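Enquirer: From first to last, the protein sequence lines stand for chains Y and F.
Read in order, the letters of the first sequence correspond to residues 1 to 355 in our numbering.
Read in order, the letters of the second sequence correspond to residues 1 to 296 in our numbering.
Bear in mind the hints are in silico, worked out from the structure with no lab data behind them.
Just so you know, not all the hints are guaranteed correct.
What the hints assert, rightly or not - With the Cβ distance kept under 7 Å, some of the chain Y side facing chain F (calculated, not the full set):
1. R73
2. M79
3. Q82
4. Y87
What the hints assert, rightly or not - Straight-line Cα separation of at most 30 Å, DSSO-like style, residue types lysine-lysine; simulated pairs:
5. K218/F - K132/Y
6. K132/Y - K293/F
7. K218/F - K128/Y
8. K218/F - K104/Y
9. K209/Y - K113/Y
Predicted model, so just to flag it, every value in this text is computed and none were measured.
All C-beta atoms in this analysis are idealised placements derived from N, C-alpha and C, irrespective of residue type, glycine included.
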Amino acid sequence: MSSVEYIGIGKSFGAVEVMRDISFKIEDHQFVVLLGPSGCGKTTLLRMTAGLETISAGDLMIGGEKVNGVHPRDRDIAMVFQNYALYPTMSVFDNIAFSLQVAKKPKAEIRKKVEWAAEILNLTDYLKRYPKELSGGQRQRVAMGRAMVRDTGVFLFDEPLSNLDAKLRAHMRIEIRQLHNRLKATTVYVTHDQIEAMTMADVIVLMHKGAIVQMGTPDEIYERPNSIYVAGFIGSPAMNFIEGTIDARGGAPSFEAPGVSIALPANSTARPGQPVTLGVRPNDLAIAEEGPIRGTVILSETTGQDVQLHVDVDGRDTIVVVPRAERQAPGKPLSLTVAPEAVHLFDRQSEARIA
Amino acid sequence: MTTSDLVRRRVVSDHPLPWLMPLIAILVVFTIFPLVYNIWLSFHEFVPRRRALEWVGGRNWAQLWADTRFWQSLTVTFIYFGIALAVELVLGMAIALLLDADEPGFGFLRGILTMTLVIPPAIAGMMYLLMEDPQFGVISYVLKAIGLLSPATPILATTQYALAGVLLAEIWQWTPFMVLILLAGLRALPSEPYEAAMIDGASPWQTFWRLTMPMMSKVIAIAVLIRGIDLFRVFDYVFVMTSGGPGTATYTLSLYAWQQTFSFVKWGYGATLSLVMLLIVLIIANVFIKVAKVRW
Ligand SMILES: Nc1ncnc2c1ncn2[C@@H]1O[C@H](COP(=O)(O)OP(=O)(O)OP(=O)(O)O)[C@@H](O)[C@H]1O
Ligand SMILES: [Mg+2]
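Based on the provided sequences and hints, a complete structural model is requested.
Expert: Shown next as structure tokens:
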């Protein structure tokens with residue numbers, strides 16, 4: 001039983017408060033991804049979970065027991081450090097094997113486990129090397145291997161794939177998920193990579209400035225972001241925002257802004273006259289004959305499969321993702337359409353979502 | 001060409017020699033010449049009758065083999081060297097580990113620890129001479145009080161205890177030096193591996209042997225080298241506290257060389273003895289540098 005529960009966790013470094021009132025629960029076996037901009041407190045939260053940083057306020061429960069004062073050694077956790085924290089005087093083999101060696105596991109078992117991890121991590125040829133003789137990505141994989149051979153209730157990963165190339169990263173994503181399916185350890189995984197977050201998480205916790213802004217499944221967070229901040233953070237390229245007002249003169253509510261007029265679903269709770277921000281994802285926009293959004297193409301960027309069109313809509317740069325075949329020349333006027341259910345509405349004052 | 005041109009030309013010389021001249025001069029006067037003179041001296045002997053040095057060939061060197069005094073003093077020197085180095089290293093490491101903390105007050109502790117190094121060794125020797133005095137000495141008193149020493153045993157005048165008595169002063173004064181070097185090393189160690197070791201479940205003991213010692217090996221090697229060279233030529237403490245006695249219990253090689261040169265006016269033999277010391281230190285130090293892979 002290794003659920004992890006944060007109850008009103010706060011953290012201050014001296015007089016600087018970097019985190020306040022973090023409360024959420026990670027169920028046993030769950031894979032939770034911590035997402036947030038640089039400096040929002042992800043590493044700090046992981047380090048508090050591991051016991052490497054004192055907890056300034058609130059309670060941390062692991063497996064139902066309060067562990068605020070418990071030594072890291074006794075918390076039954078494995079961790080991949082953001083800065084790797086390898087043992088400089090030990091070979092790659094010993095780095096990975098260290099936890100098993102200090103636990104006095106049989107030599108044969110240690111060898112088997114280390115070789116298994118090295119195989120997955122493509123490190124087999126490097127087992128005799130020392131950390132200073134490795135590239136950044138290789139070091140990161142050693143840090144990963146150190147956690148993989150552990151058999152603990154909780155795994156903490158702090159951006160474990162940030163230094164790997166795209167191919168290796170995709171491979172490791174699958175390996176980590178498989179490892180999780182097999183070990184069923186409760187996992188907290190920090191990443192900047194949205195694809196990682198979306199593909200791996202059971203639950204995403206989105207942090208901003210030391211607080212949680214939204215928590216939910218990847219689908220929930222992507223489809224119903226609860227604020228402008230979340231909407232802008234999740235999704236790549238980022239969501240387009242258009243500021244305007246609600247108009248209900250024709251009976252059905254609609255969103256009005258210069259160059260834009262979009263009919264809203266009839267069940268929208270937006271009040272007429274309310275200043276709002278409309279958000280729409282680049283993928284949800286499409287080129288149409290007589291669309292409700294009119295603009296001029298500024299720039300066309302090819303990103304492999306798709307083309308990102310930058311469209312000037314009354315002075316605002318709006319991004320549209322279209323198939324390669326629909327590439328447009330700059331300067332061309334064009335109109336865009338969007339399905340009513342793909343529209344996100346936010347109150348402009350509170351920045352919160354309007355249902 | 002004016003003189004000022006000449007001066008300027010010299011001052012901006014590209015050739016290394018003008019810049020090295022002062023150092024070379026100092027080296028020649030204070031190191032090379034005495035060394036060469038010492039070697040020359042070891043093939044001569046002072047003859048008081050004629051008040052002159054006389055060529056004796058290899059006699060001084062040959063004499064060493066049969067000189068039991070020499071072998072005895074060499075043995076004493078090695079024992080002194082070995083015990084002092086081992087105790088200072090282990091004790092120094094233990095104290096350094098204790099003082100390696102960021103809590104308030106530890107900076108002050110680190111500061112006062114180095115105070116023993118301010119005292120001249122000869123004075124420290126006299127302090128211990130007094131403290132180990134059988135009648136007035138506090139150390140004698142305490143040892144007797146707890147029953148470790150039978151009453152009326154003078155530490156420094158008893159063959160079994162005299163060397164230990166001298167070593168006490170040596171270790172008291174120089175352990176802080178070890179602490180200082182080791183502490184500098186410990187303070188410079190990265191903290192991340194220690195965090196990883198905690199997570200990996202290592203005990204403090206395992207962490208010390210598997211992490212701290214390997215990471216400190218270079219620093220330890222340097223500390224052992226500096227202290228070891230110094231220990232080998234120990235003179236002050238034995239000279240002040242026991243003059244080598246009782247018998248030859250504390251009679252070290254440096255004391256023997258000194259006595260031959262200055263008390264018995266055997267300049268040639270004294271020079272030979274000091275050269276032997278130099279050779280031993282050179283050999284041990286270089287073997288150690290090779291084995292411990294110390295990089296300069
Ligand atoms: N030891 C410290 N002393 C003072 N402030 C700190 C300390 N460690 C972290 N902080 C501050 O706490 C905040 C959160 O830091 P943290 O390392 O948790 O960010 P992060 O979310 O992991 O960022 P990144 O994605 O860049 O790794 C930052 O503003 C940072 O400056
Ligand atoms: Mg971080």
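Enquirer: Give a verdict on every hint.
Expert: Do the hints match the structure? See the list:
{"no.": "1", "hint": "R73", "result": "5 Å, holds"}
{"no.": "2", "hint": "M79", "result": "5 Å, holds"}
{"no.": "3", "hint": "Q82", "result": "10 Å, violated"}
{"no.": "4", "hint": "Y87", "result": "5 Å, holds"}
{"no.": "5", "hint": "K218/F - K132/Y", "result": "16 Å, holds"}
{"no.": "6", "hint": "K132/Y - K293/F", "result": "18 Å, holds"}
{"no.": "7", "hint": "K218/F - K128/Y", "result": "21 Å, holds"}
{"no.": "8", "hint": "K218/F - K104/Y", "result": "28 Å, holds"}
{"no.": "9", "hint": "K209/Y - K113/Y", "result": "40 Å, violated"}
Comparing the model with each numbered hint stated earlier shows that hints 3, 9 do not hold.
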